[in-house]
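A.B. asks: So the chains spell out like this:
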Amino acid sequence: MVRFCSLQSAVEAAVHDGDVVAMEGFTHLIPFAAAHEVIRQGRRDLTLVRMTPDLIYDQLIGAGCAAKLLFSWGGNPGVGSLHRLRDAVEHGWPRPLALEEYSHAALATAYDAGAARLPFAAFRGSPGDLARVNPNYRSVTCPFTGEQLTAVPAMRPDVTIIHAQRADRDGNVLIDGIIGVQKEAVLAASRSIVTVEEIVDALESGSPNACILPHWTVGAICVVPGGAFPSYAYGYYQRNNAFYLAWDAIARDREAFRAWIDEHVLRSRPESFAEHAARVA
Amino acid sequence: MSLNTPYTPDELMTVAAARCVENDDVCFVGIGLPSAACNLARLTHAPGITLIYESGTIGARPSVLPLSIGDGELCATALTTVSVPEFFRYWLQSGRITVGFLGAAQIDRFANINTTVVGEYDAPTVRLPGAGGAPEMAAACERIFIVMPHSRRAFVERLDFLTSFGHGEGGDHRARLGMTTKGPVKVITDVCVMEPDPLTRELTVTSLHPGTTREKVENATGWPLRFAGELAETPAPSARELEVLRRVRLETENAHKGKEQACPPR
Numbered sequence: 001m002v003r004f005c006s007l008q009s010a011v012e013a014a015v016h017d018g019d020v021v022a023m024e025g026f027t028h029l030i031p032f033a034a035a036h037e038v039i040r041q042g043r044r045d046l047t048l049v050r051m052t053p054d055l056i057y058d059q060l061i062g063a064g065c066a067a068k069l070l071f072s073w074g075g076n077p078g079v080g081s082l083h084r085l086r087d088a089v090e091h092g093w094p095r096p097l098a099l100e101e102y103s104h105a106a107l108a109t110a111y112d113a114g115a116a117r118l119p120f121a122a123f124r125g126s127p128g129d130l131a132r133v134n135p136n137y138r139s140v141t142c143p144f145t146g147e148q149l150t151a152v153p154a155m156r157p158d159v160t161i162i163h164a165q166r167a168d169r170d171g172n173v174l175i176d177g178i179i180g181v182q183k184e185a186v187l188a189a190s191r192s193i194v195t196v197e198e199i200v201d202a203l204e205s206g207s208p209n210a211c212i213l214p215h216w217t218v219g220a221i222c223v224v225p226g227g228a229f230p231s232y233a234y235g236y237y238q239r240n241n242a243f244y245l246a247w248d249a250i251a252r253d254r255e256a257f258r259a260w261i262d263e264h265v266l267r268s269r270p271e272s273f274a275e276h277a278a279r280v281a
Numbered sequence: 282m283s284l285n286t287p288y289t290p291d292e293l294m295t296v297a298a299a300r301c302v303e304n305d306d307v308c309f310v311g312i313g314l315p316s317a318a319c320n321l322a323r324l325t326h327a328p329g330i331t332l333i334y335e336s337g338t339i340g341a342r343p344s345v346l347p348l349s350i351g352d353g354e355l356c357a358t359a360l361t362t363v364s365v366p367e368f369f370r371y372w373l374q375s376g377r378i379t380v381g382f383l384g385a386a387q388i389d390r391f392a393n394i395n396t397t398v399v400g401e402y403d404a405p406t407v408r409l410p411g412a413g414g415a416p417e418m419a420a421a422c423e424r425i426f427i428v429m430p431h432s433r434r435a436f437v438e439r440l441d442f443l444t445s446f447g448h449g450e451g452g453d454h455r456a457r458l459g460m461t462t463k464g465p466v467k468v469i470t471d472v473c474v475m476e477p478d479p480l481t482r483e484l485t486v487t488s489l490h491p492g493t494t495r496e497k498v499e500n501a502t503g504w505p506l507r508f509a510g511e512l513a514e515t516p517a518p519s520a521r522e523l524e525v526l527r528r529v530r531l532e533t534e535n536a537h538k539g540k541e542q543a544c545p546p547r
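Same order as they appear, the protein sequences are chains A and B. Going by the numbering used here, the residue at position 66 of the first sequence is 66; the numbering climbs one at a time, nothing skipped. Add 281 to a position in the second sequence, counting from 1, and you land on the number used in the numbering used here.
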C-alpha cells in the first residue's frame, strides 16, 4: 500500500542499519536528496548496491554509512575517479569498504532476475578475473543445449530508492527518458521509496507504453522537487555537468569533503533541493 | 587550412579512431575519446552510422558531446531509449553491435585489458572504476578498437587484473572459448597503430604516426615489440576532420562549463 509522506519519515521507516540498499538511476534521476537524508539520519553498516556508484555513493561512503559496495563501474563519468570510494578502498578511510564487483551486464541481469523473483540470472559471461575475485560468479549448464553459461544470484535489495518525474494522486509513478534499471530495482526489493518532482492529477505519459510503476508496487512516495540534482530529471532540469567537474576537487580532500557534507547535507534539508528544480512549460 | 595544419597527438588518435568506423556500423560508444571519434565519423564520412550509448539510447545524434553516457542530450536525440537490462541482453549480448571502442589503464601484448586495479586486488595501489560494460563488449561486439595513449606504465608485460578478454593467450584462444567475434582488431595510440598478428594474435605495429620513430614506440612498451615488415605512416588528419573535431570539442567545453543550460524537450 503506497504511503505519501515526508522524505524524513520514509527513510526512518524503510532504511535500517545493516540493510542492503539500492539507489538506482543510470546517470539520470539519481536520488541525491534521499541519499542525503540517509546520511543525516546516520545510517551505518549499509550494503550499498548500484551499477554506477557515481557522486551519490561517493558521498555515502565518505560519510561512513557503508560497510560494503556491490557495483559494476565506480567513477565520476567523464571526469575521473570517485575519490571517497578510492580512499575507502585504498586506505580504509573513514572505514574499510568491502567490494563485490560485477560487470554491467551481470548486475543488470541480476536486477532483472530479482524483479522476476527468480533465484539467479544466467548469461553468456566473459572470461576474465572478475570471476576469480567474486565467488558469486558461478556457472550453469543449459539443460537444452549443454552450453555453459555464467550465473549470478538475483539482486534482491531490502530497500530500493529511486527518483522519478511524477506520481499521480493514487501513487502511480512515471519514469521518463533514460529509464536505466529503476523499474527492475523497485520490483526486486522488499521495500521502496520514490522521490518525485511533483504530484499531478494525471501522469500524461504521452504513450501507452510508458515506464510506469503501479501504485501497488511502490512503498513510499515523497515530493522532493530538484531531488535528483546534480544529475537530472528529463523534462524538468538538466544534468549539472559543472557540479560533476567541481566535485573532483571537493572529494579529493578529506577536510574539503567533510566541510561540504556538513554545509550541504548535515545542516540542510530536502527542501533545499527545490532551488534546482524547474519545469519546462 | 593547408595540409600542414598542426595537430596534437590526441587529435591524430581521435581522427585515426574515427576512420575505423563505416556508414553502416552500429557502434557501442563510451564517453571521452570514443564518443568524440564516433561523432566525428558521423559528422564527416559516416552520416548513417548508428551510435548506441550504454544508457540504452539507440541512434543518438548529440550536437554536444556528452560528459556522461546518460546526458539528456543523448535521450533527446535518440531514435529510442531502452532499459539497461534490455540494452545489454537484446542489443549487446545478442551480437547486434558491430563496433566497440575501449580504453584501458593497462593492456598486454594480446590486447587483454585492465580497467579494475593497479596492484593487488585486495590492496590496490590505484583503484580504477572497474568493468562497466567492457567485458561483454569485448566478447560480443563484432570488432573492438582499443584507443589509449602509449606509455610503459600502460603497455605492460603482465596485467595486474584481466578485466576484459582480448586474445587471451593468443592464437585461437577466443575460438576455443566459443567466441565467434573478432575481438580487438586494432589498437590506436598517440604514436602508432597496432594490429594482432593473423596467426599468433600478438600485437604488431603496422603504422607509425608522422614524426614518430620505432625506438620511441619500443621505449614506451613494456614487452619486446614486433613491427610489421611493411611499416606504413599513419595519414595525418585532414583540414576538414580537424575543423569538425575542434568545433565539436569547443561547443562541448562551453556547454559543460555553463551552469544554466536549456532544458531538453520532454
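Each hint should be verified, as a subset may be incorrect.
Claimed, not checked - Okay, the calculated bits of chain A under chain B, using three or more residues with CB under 8 Å as the criterion:
{"#": "1", "segment": "108 to 118"}
{"#": "2", "segment": "266 to 275"}
As the list claims (entries may be wrong) - Listed next, with one range per pair, are the computed distances between beta-carbon atoms:
{"#": "3", "chain 1": "B", "residue 1": "497", "chain 2": "A", "residue 2": "206", "range": "50 to 58 Å"}
{"#": "4", "chain 1": "B", "residue 1": "466", "chain 2": "A", "residue 2": "259", "range": "17 to 25 Å"}
{"#": "5", "chain 1": "A", "residue 1": "259", "chain 2": "B", "residue 2": "452", "range": "35 to 43 Å"}
{"#": "6", "chain 1": "B", "residue 1": "491", "chain 2": "A", "residue 2": "139", "range": "44 to 52 Å"}
{"#": "7", "chain 1": "B", "residue 1": "289", "chain 2": "A", "residue 2": "252", "range": "51 to 59 Å"}
{"#": "8", "chain 1": "A", "residue 1": "45", "chain 2": "B", "residue 2": "305", "range": "32 to 40 Å"}
{"#": "9", "chain 1": "A", "residue 1": "216", "chain 2": "B", "residue 2": "479", "range": "58 to 66 Å"}
{"#": "10", "chain 1": "B", "residue 1": "495", "chain 2": "A", "residue 2": "93", "range": "54 to 62 Å"}
{"#": "11", "chain 1": "A", "residue 1": "275", "chain 2": "B", "residue 2": "289", "range": "35 to 43 Å"}
{"#": "12", "chain 1": "B", "residue 1": "500", "chain 2": "A", "residue 2": "17", "range": "51 to 59 Å"}
{"#": "13", "chain 1": "A", "residue 1": "142", "chain 2": "B", "residue 2": "512", "range": "41 to 49 Å"}
{"#": "14", "chain 1": "A", "residue 1": "169", "chain 2": "B", "residue 2": "457", "range": "55 to 63 Å"}
{"#": "15", "chain 1": "A", "residue 1": "116", "chain 2": "B", "residue 2": "376", "range": "39 to 47 Å"}
{"#": "16", "chain 1": "A", "residue 1": "245", "chain 2": "B", "residue 2": "329", "range": "44 to 52 Å"}
As the list claims (entries may be wrong) - Computed, partial: chain B to chain A, Cβ under 7 Å:
{"#": "17", "residue": "356"}
{"#": "18", "residue": "358"}
{"#": "19", "residue": "365"}
{"#": "20", "residue": "366"}
{"#": "21", "residue": "410"}
{"#": "22", "residue": "417"}
{"#": "23", "residue": "442"}
{"#": "24", "residue": "485"}
Because the hints were derived from the structure by calculation, they are not lab data. This one's a predicted model, so the numbers in the text were calculated from it and none came from an experiment. Heads up, the beta-carbon is just placed ideally off N, CA and C, and yes, glycines get one too.
A.B. asks: Work down the list of hints and note, for each, if the structure agrees.
C.D. replies: Here's how the hints hold up against the structure:
{"no.": "1", "hint": "108 to 118", "verdict": "holds (count 4)"}
{"no.": "2", "hint": "266 to 275", "verdict": "violated (count 0)"}
{"no.": "3", "hint": "B:497 with A:206: 50 to 58 Å", "verdict": "holds (57 Å)"}
{"no.": "4", "hint": "B:466 with A:259: 17 to 25 Å", "verdict": "violated (49 Å)"}
{"no.": "5", "hint": "A:259 with B:452: 35 to 43 Å", "verdict": "violated (56 Å)"}
{"no.": "6", "hint": "B:491 with A:139: 44 to 52 Å", "verdict": "holds (48 Å)"}
{"no.": "7", "hint": "B:289 with A:252: 51 to 59 Å", "verdict": "violated (27 Å)"}
{"no.": "8", "hint": "A:45 with B:305: 32 to 40 Å", "verdict": "violated (52 Å)"}
{"no.": "9", "hint": "A:216 with B:479: 58 to 66 Å", "verdict": "holds (59 Å)"}
{"no.": "10", "hint": "B:495 with A:93: 54 to 62 Å", "verdict": "violated (45 Å)"}
{"no.": "11", "hint": "A:275 with B:289: 35 to 43 Å", "verdict": "holds (40 Å)"}
{"no.": "12", "hint": "B:500 with A:17: 51 to 59 Å", "verdict": "holds (54 Å)"}
{"no.": "13", "hint": "A:142 with B:512: 41 to 49 Å", "verdict": "holds (47 Å)"}
{"no.": "14", "hint": "A:169 with B:457: 55 to 63 Å", "verdict": "holds (60 Å)"}
{"no.": "15", "hint": "A:116 with B:376: 39 to 47 Å", "verdict": "violated (23 Å)"}
{"no.": "16", "hint": "A:245 with B:329: 44 to 52 Å", "verdict": "violated (33 Å)"}
{"no.": "17", "hint": "356", "verdict": "holds (5 Å)"}
{"no.": "18", "hint": "358", "verdict": "violated (12 Å)"}
{"no.": "19", "hint": "365", "verdict": "holds (5 Å)"}
{"no.": "20", "hint": "366", "verdict": "holds (4 Å)"}
{"no.": "21", "hint": "410", "verdict": "holds (3 Å)"}
{"no.": "22", "hint": "417", "verdict": "holds (4 Å)"}
{"no.": "23", "hint": "442", "verdict": "holds (5 Å)"}
{"no.": "24", "hint": "485", "verdict": "violated (23 Å)"}
Checked against the numbered hints listed earlier, the structure breaks hints 2, 4, 5, 7, 8, 10, 15, 16, 18 and 24; every other hint is satisfied.
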